[in-house]
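Asks: Each chain is listed here by its residues.
2 protein chains.
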Amino acid sequence: MAKVAPISGFPEWLPEQRLVEERVYEQIRSLYRSFGFVPIETPAVELLSTLVSKGSDDREIYAINRHQAIGEGAEFALHFDLTVPLARYVAQHAHQLSFPFKRYQMQKVWRGERPQRGRYREFYQCDIDIVGREELPLAADGEILAVLDTAFATVNFTPHVVRINHRKLLQGLYRALGLNDERRSAAIRVVDKIRKIGNDGVLRELTSALGVEESVAQRIVALATLEFPVEELRERVMALGLEDELVTTGVAELGQILSLQSEATRKRCVIDMSLARGLEYYTGIIIEVHLPQFPDFGSAGGGGRYENLVGQFSNQKFPGVGGSFGLTRYIGLAFEEGLVPVPKPGVAQVLVTVLAEEGRAHLEAFARELRSAGVATEVFLGTPKLGKQIEYAERRGVRWVVFQSGNGFEVKDLASKTQVPTSAAALIATIGAAS
Amino acid sequence: MAKVAPISGFPEWLPEQRLVEERVYEQIRSLYRSFGFVPIETPAVELLSTLVSKGSDDREIYAINRHQAIGEGAEFALHFDLTVPLARYVAQHAHQLSFPFKRYQMQKVWRGERPQRGRYREFYQCDIDIVGREELPLAADGEILAVLDTAFATVNFTPHVVRINHRKLLQGLYRALGLNDERRSAAIRVVDKIRKIGNDGVLRELTSALGVEESVAQRIVALATLEFPVEELRERVMALGLEDELVTTGVAELGQILSLQSEATRKRCVIDMSLARGLEYYTGIIIEVHLPQFPDFGSAGGGGRYENLVGQFSNQKFPGVGGSFGLTRYIGLAFEEGLVPVPKPGVAQVLVTVLAEEGRAHLEAFARELRSAGVATEVFLGTPKLGKQIEYAERRGVRWVVFQSGNGFEVKDLASKTQVPTSAAALIATIGAAS
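Residue numbers (the working numbering), protein chains in the order written: chain A, 1 to 435; chain B, 1 to 435.
Everything labelled a hint here was simulated from the structure, so no lab data went into it.
Among the hints, erroneous ones may be present.
As the list claims (entries may be wrong) - Straight-line Cα separation of at most 20 Å, DMTMM-like style, residue types lysine to aspartate or glutamate; simulated pairs:
#1 K317(A) / E280(A)
#2 K193(A) / E214(A)
#3 K385(B) / E135(A)
#4 K385(B) / E357(B)
#5 K388(B) / E134(A)
#6 K196(A) / E280(A)
#7 K196(B) / E227(B)
#8 K385(A) / E135(B)
#9 K267(A) / E369(B)
#10 K196(A) / D296(A)
#11 K385(B) / E410(B)
#12 K385(A) / E134(B)
#13 K317(B) / E135(B)
#14 K344(A) / E26(A)
#15 K267(A) / E232(A)
#16 K3(B) / E75(A)
#17 K385(B) / E134(A)
#18 K388(B) / E357(B)
#19 K3(A) / D58(B)
#20 K388(A) / E134(B)
#21 K3(A) / E75(B)
#22 K417(B) / E391(B)
#23 K344(B) / E394(B)
#24 K344(A) / E22(A)
#25 K3(B) / D81(A)
#26 K388(B) / E135(A)
#27 K3(A) / D81(B)
#28 K267(B) / E369(A)
#29 K193(A) / E227(A)
#30 K193(B) / E231(B)
#31 K3(B) / E253(A)
#32 K317(A) / E135(A)
#33 K344(A) / D413(A)
#34 K385(B) / E358(B)
#35 K3(A) / E22(A)
#36 K388(A) / E135(B)
Please put together the full structure from these sequences, using the hints given.
Replies: The structure is reproduced here in structure tokens:
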């Protein structure tokens, strides 16, 4: 007998859970489209060289090979995010795309991480990005922030907060503190770990590993603990007394991006000066979505501005800004914490019961009429006692149960427990009125 | 510069093509749900032992391994169909499912085939199966046939024919011709290749490889050339004069399955005695969907009844019947042959133009009103001349273009070329009436 066991890190839902996942997927997709984003999908597979060259954690890449050629070294690998594939896609198809290119892409990605709570090796990411050719207005950053916040507000299994920072602001502040180019980038990577290693850890790494002066390191840590409402951005940054051209630019850009948001979005945003996001390619706004009721969960989504993502594939410059909704992790949390009611495992609205096989063809015709009016209808498979068939409907959350009665039909509404004569047309009308 | 090249066998569409694919995917999904099927999704990855043990072509399996561990032998592999994962899923979750279990599953699968026209290494399959515990009524076979035919009739890029045969009928006829158990199964596999190797090829393999008598082999080939309308099933089989219990059962079962179909479906069905489908596990009806206008295309979908699919994973018996719509191949053909109009690469209904950044926040508020009423709306990113912004709308198929005009708004309908004053509410009403 072949082994049947869950594979750690590869989530698999029951049908009733998958119903929830499909619904949420569709909500997000529909929201992305409402802002005019168009879909792309890229193969699960990229050239291994495409993925490795992007300086990610190579250890997490799943290489693939034909089974019988295993051991020969792989040419292909599974994508670990949707950003590198987007960059490759834009470089490859640029002549067939029109810019700014606003795309959504909602696919599974794979990472060979050590599995742990809330971490998966296979999971859905729902990405939106806006990519310009040579230039991309700041309004695009505003749009990404609006879409990402609205996506979480739409699904809304638990409240969320959008943490925001700006790479130019960080760079400017660190420069005003006397850090040179190289040290600034290194410092950003260290500060990014503050939730993991704590203030002391950051302090230690800044001073010992990067050789930053103790007093400057202390100011950097103090900066990283700042968190304030978006309305206070200008005054709080001014109060630091750290003047630099990049500080001015960062504050101005953030101000403009925030001015484009709805009141509701602005209230969910907070400036978080500890937010650094380690990824090299961010150059402007950086965004992370957090769930206050689950502080240990980490980020449920995020994104930011990158000046030249496609650089590795093309000599042309393609600046972009994007965001990602971590669908599988968010849904996984919702199931685990009971944040979402899981429906019954059924989608039909009507069950047509069958008492004898001879009558089935007639009942099938009735069901076809309902389906062609958009009413999801099952015809019972088999002919057990009626009680069993009604039980089947109840277990699956089917509300209307149809019986043949003489030459006509009757329908029982399992919600109101009433039973009345009906016809296909009458039932279609009843269900239309009830929904 | 990293290499940017298409990977042979891994299709990648432009956004306007992906719009078509998403629409068709949604049509199929919606149809499957209308019959009461519930969704599942399984990981892309199964244990390698799960996939290899199922006696498929091992050479086509893609094994995966973490990049840095490549060469160590793989534990996992990408699924090559959705049937083996279904079997594993049912065995694993049987205690949490209710039977008959009617599920749809629409995912990508991977096969390391040599790429050639119309063949892909990564492609979507859209599967439906009904799985019973211990038993499954014949009505389930009728339902699968109805769903699969209706799916093709719904998408309908080109006419289709549903070719039908029955394993019991084949077994019975071959037994009546004197073939023993083992030879019958071998003969079915040979006949399955008739479109590839021709009548002579089949004759040769039957006589030389299987040692079937020349005269019997000739009758088998003659049988395999029979093709007739479903109404003639009984009389045409009777006319063969080959009596066997399995012939009687096969004809009765096919008759019952066909009696449950709509007139439209029955007209698209044909009995094809050459149809054998090599897969070992089929035991009853076998189905293949063909596209008469593209005779070399092969099958666009197919399926059948299997008495004990889950056998490799469980001691319980789980009979099933299922079908599959080969979405990627079908779409690929449609693109290649121009069977479907490819839309413009846009999804927004409205473009709000922007002439100065100072006005953007106000225009964003207008756009939010439209979106919250379900109207997909873009706000132009940047502030070039109006002509450029209108061109943008035209290129993406956006019909309504909004301009700020004094304290109010005007809208231009690019279809009728008329321009009138408007408000968010008025525009929502106009668009609602136009669609």
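Asks: For every hint, state whether the structure bears it out.
Replies: Hint check:
Restraint check: the Cα-Cα separation between K317(A) and E280(A) comes to about 17 Å, which is no more than 20 Å; the hinted pair holds. Restraint check: the Cα-Cα separation between K193(A) and E214(A) comes to about 18 Å, which is no more than 20 Å; the hinted pair holds. For the suggested pair K385(B) and E135(A), the alpha carbons sit about 16 Å apart, so the restraint of at most 20 Å is met. Restraint check: the Cα-Cα separation between K385(B) and E357(B) comes to about 13 Å, which is no more than 20 Å; the hinted pair holds.
Straight-line distance between C-alpha atoms of K388(B) and E134(A) comes to about 17 Å, which keeps the hinted pair within the 20 Å bound. A hinted pair counts as satisfied when its Cα atoms are at most 20 Å apart, and K196(A) with E280(A) qualifies at roughly 19 Å. Proximity of K196(B) to E227(B) is assessed by CA-CA distance (about 18 Å); at most 20 Å being required, the pair is judged to hold. Taking the CA atoms of K385(A) and E135(B), the gap is about 16 Å. The hint holds against a cut of 20 Å.
Restraint check for K267(A) and E369(B): satisfied, since their Cα atoms lie roughly 19 Å apart, inside the 20 Å limit. Annotation: proposed proximity of K196(A) to D296(A) holds, straight-line Cα distance about 10 Å (limit 20 Å). Taking the CA atoms of K385(B) and E410(B), the gap is about 17 Å. The hint holds against a cut of 20 Å. Between K385(A) and E134(B) the CA atoms are separated by roughly 18 Å; this keeps the pair inside 20 Å, and the hint holds.
Distance hint between K317(B) and E135(B) is fulfilled; the C-alpha atoms sit about 8 Å from each other, no more than 20 Å. Among the hinted pairs, K344(A) with E26(A) is consistent with the structure: their alpha-carbon atoms are about 19 Å apart, no more than 20 Å. Restraint check for K267(A) and E232(A): the C-alpha separation of about 12 Å stays at or below 20 Å, so the hint holds. Between K3(B) and E75(A), the direct Cα distance comes to roughly 13 Å. Compliance with the 20 Å bound is thereby established for this hinted pair.
Under the criterion of a C-alpha separation no larger than 20 Å, the hint pairing K385(B) with E134(A) is consistent with the structure, at around 18 Å. Pair hint K388(B) plus E357(B) holds up; C-alpha atoms about 16 Å apart against a cutoff of 20 Å. Taking the CA atoms of K3(A) and D58(B), the gap is about 18 Å. The hint holds against a cut of 20 Å. With a C-alpha separation of about 17 Å, the suggested pairing of K388(A) with E134(B) holds against the 20 Å cut-off.
Distance restraint check for K3(A) and E75(B): the Cα-Cα separation of roughly 13 Å lies within the 20 Å cut-off, and the hinted pair is therefore satisfied. For the hint pairing K417(B) with E391(B), the CA-to-CA distance comes to about 14 Å; that is within 20 Å, so the pair holds. Simply put, K344(B) and E394(B) have alpha-carbon atoms about 9 Å apart, close enough for the 20 Å limit, and the pair holds. A threshold of 20 Å between alpha carbons decides the hint, and for K344(A) with E22(A) the separation of about 14 Å falls inside it, so the pair holds.
The hinted pair formed by K3(B) and D81(A) meets the criterion: a straight-line CA distance of about 18 Å does not exceed 20 Å. Distance restraint check for K388(B) and E135(A): the Cα-Cα separation of roughly 16 Å lies within the 20 Å cut-off, and the hinted pair is therefore satisfied. Of the supplied pair hints, the one linking K3(A) and D81(B) holds, its CA atoms being roughly 18 Å apart against a limit of 20 Å. Restraint check for K267(B) and E369(A): the C-alpha separation of about 19 Å stays at or below 20 Å, so the hint holds.
Distance check on the hinted pair: K193(A) and E227(A) sit about 16 Å apart at the alpha-carbon level, within 20 Å; holds. Proximity of K193(B) to E231(B) is assessed by CA-CA distance (about 27 Å); at most 20 Å being required, the pair is judged violated. At roughly 35 Å between alpha-carbon atoms, K3(B) and E253(A) are farther apart than 20 Å, so this suggested pair is violated. Under the criterion of a C-alpha separation no larger than 20 Å, the hint pairing K317(A) with E135(A) is consistent with the structure, at around 8 Å.
For the hint linking K344(A) to D413(A), the alpha-carbon distance of about 17 Å falls within 20 Å, and the restraint holds. With a CA separation close to 16 Å, the supplied pair K385(B) and E358(B) stays within the 20 Å bound. For the proposed pair K3(A) and E22(A), the alpha carbon gap of about 29 Å is over 20 Å, so the pair is violated. Distance check on the hinted pair: K388(A) and E135(B) sit about 16 Å apart at the alpha-carbon level, within 20 Å; holds.
Hint compliance for this structure: hints 30, 31, 35 are not met, and every other hint is.
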